[in-house]
Amino acid sequence: MLGASRAHGRPQSSVKRRSNRVDRRSSSIGSMDAILEGLNLAQREAVTHDAGPLLIVAGAGTGKTTVITRRIAWLIARKKARPEEILALTFTDKAAAEMGERVDTLVPYGYAEVTIATFHSRSV
Numbered sequence: 156m157l158g159a160s161r162a163h164g165r166p167q168s169s170v171k172r173r174s175n176r177v178d179r180r181s182s183s184i185g186s187m188d189a190i191l192e193g194l195n196l197a198q199r200e201a202v203t204h205d206a207g208p209l210l211i212v213a214g215a216g217t218g219k220t221t222v223i224t225r226r227i228a229w230l231i232a233r234k235k236a237r238p239e240e241i242l243a244l245t246f247t248d249k250a251a252a253e254m255g256e257r258v259d260t261l262v263p264y265g266y267a268e269v270t271i272a273t274f275h276s277r278s279v
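So the number in the working numbering is just where the residue sits in the sequence shown, counting from 1, plus 155.
Possibly wrong hints are sitting among the right ones.
Stated by the list, open to error - Computed cross-link-like contacts, DMTMM-like style, restricted to lysine to aspartate or glutamate with a CA-CA straight-line distance of at most 20 Å:
1) K249 - D205
2) K219 - D205
3) K234 - E200
4) K234 - D205
5) K235 - E200
6) K219 - E253
7) K249 - E192
8) K249 - E200
9) K219 - E192
10) K234 - D188
11) K235 - D205
12) K235 - D188
13) K219 - E200
14) K219 - D188
15) K219 - D248
Rather than coming from a laboratory, the hints here were simulated on the basis of the structure.
Just need the whole structure built from these sequences, with the hints factored in.
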């Protein structure tokens with residue numbers, strides 16, 4: 156769900172999650188088991204990190220997007236952040252759309268105010 160708008164004469168794209176998909180989950184945020192399912196130990200530690208900033212440096216295909224999307228779901232489930240307080244930035248529209256789709260499958264209806272956008276769309 157990419158929307159394009161113009162602000163200050165520059166194109167902007169961002170993803171605000173509002174899905175029309177069929178919700179196959181319960182009305183509450185998925186269990187911690189579901190959020191952490193399939194993650195290795197290092198990924199679990201990153202998703203559940205609870206004390207200050209965390210820098211993740213990893214190569215292509217190592218699961219960084221998975222960690223970020225699961226982290227968003229974990230923060231909301233643990234009430235560490237409200238969805239409207241979360242901003243996830245990436246470099247391409249394609250990556251923003253993919254991240255948005257992943258968050259959409261982890262977070263049920265009513266929690267769809269996470270903003271996912273490109274760096275360029277937010278640097279006006």
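Hint check, failures only: Of the numbered hints, 1, 7 and 8 do not hold.
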